[in-house]
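Visitor: From just these sequences and the hints, can you work out the full model?
Each residue of the sequence shown is one higher than the one before, starting from 1 at the first, in full-length UniProt numbering.
In short, the hints are calculated from the structure, not lab data.
Treat the hints with care, as some may be off.
To be verified - Only pairs whose alpha carbons sit at most 20 Å apart, straight line, appear in this in silico DMTMM-like list of lysine to aspartate or glutamate: (1) Lys54 / Glu25; (2) Lys50 / Glu25; (3) Lys54 / Glu17; (4) Lys50 / Glu17; (5) Lys50 / Glu3; (6) Lys54 / Glu44; (7) Lys50 / Glu38.
As the list claims (entries may be wrong) - Restraint-style ranges between C-beta atoms, simulated for each label pair: (8) Leu5 / Asp33: 12 to 22 Å; (9) Leu22 / Lys50: 17 to 27 Å; (10) Pro55 / Ala11: 12 to 22 Å.
For glycine and all other residues, C-beta sits at the position ideal for the given N, C-alpha and C.
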Amino acid sequence: MTEDLIRSSRAGIRESELFLALGTENYARSIRDPDDEEHHLIVEQIAYAKSLGKPAAVLLDASLTSEDEKT
Numbered sequence: 001m002t003e004d005l006i007r008s009s010r011a012g013i014r015e016s017e018l019f020l021a022l023g024t025e026n027y028a029r030s031i032r033d034p035d036d037e038e039h040h041l042i043v044e045q046i047a048y049a050k051s052l053g054k055p056a057a058v059l060l061d062a063s064l065t066s067e068d069e070k071t
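Guide: What follows is the structure, encoded as structure tokens:
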């Protein structure tokens with residue numbers, strides 16, 4: 001994941017009232033897998049929104065198994 005992409009994603013977060021991500025099952029897998037290149041962007045976006053005191057929410061279109069709930 002490039003630093004440029006992370007920096008460019010911050011502009012939209014700064015200008016908005018909250019950070020809301022709508023994700024598919026692939027998005028959910030990226031959040032759980034630190035080796036997935038999208039993982040770092042997602043985590044950075046959430047952390048950045050929270051550092052600005054903005055609400056952050058991720059809505060996932062995925063079913064969670066009992067194994068997923070442990071992670």
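Visitor: I'd like to know which numbered hints this structure contradicts. Please list them from smallest to largest.
Guide: 1 and 2
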